[in-house]
Amino acid sequence: MDGNVVELQELRARNAELERELREVREGEAAARRELERARAQLRVAEEAEERLSAELGELEAEASAQARAHQFHIHALSDRLATALRSAGLDQSLD
Numbered sequence: 001m002d003g004n005v006v007e008l009q010e011l012r013a014r015n016a017e018l019e020r021e022l023r024e025v026r027e028g029e030a031a032a033r034r035e036l037e038r039a040r041a042q043l044r045v046a047e048e049a050e051e052r053l054s055a056e057l058g059e060l061e062a063e064a065s066a067q068a069r070a071h072q073f074h075i076h077a078l079s080d081r082l083a084t085a086l087r088s089a090g091l092d093q094s095l096d
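Residue numbers (UniProt numbering): 1 to 96.
Simulated from the structure, these hints should not be mistaken for laboratory data. Note that the structure is a prediction, hence the values are computed from the model and not measured. Please note that a few of the clues may not be correct.
Pairwise CB distance ranges (calculated) [what the hints assert, rightly or not]: (1) A31 with L8: 50 to 56 Å; (2) L53 with L82: 39 to 45 Å; (3) L53 with L22: 44 to 50 Å.
Glycine included, C-beta positions come from ideal geometry on N, C-alpha and C.
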């Protein structure tokens, strides 16, 4: 009978140890899930920021292109005016 009592105590101790290990594993899994959710949230924020920056970059590129065309047109107009002024002053020289 004493053998059965000892075996029962050993089984209870082992069961308690396994339950403790199971709790630790579950707590670790819960912590990993929370960390994964934090990482997903950070990824969403980063992706949204990337989209905003990409849109802003596109707008800035379009604006820079428009300004470059406007400056090119202005330079061409000034060159034409200078050529006209030089011709009227009798200084017909090529600006090429």
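Against the structure, the hints come out as follows:
1. A31 with L8: 50 to 56 Å: Since the Cβ atoms of A31 and L8 sit about 35 Å apart, the hinted range of 50 to 56 Å is violated.
2. L53 with L82: 39 to 45 Å: About 42 Å separates the Cβ atoms of L53 and L82, which means 39 to 45 Å holds.
3. L53 with L22: 44 to 50 Å: 46 Å, holds
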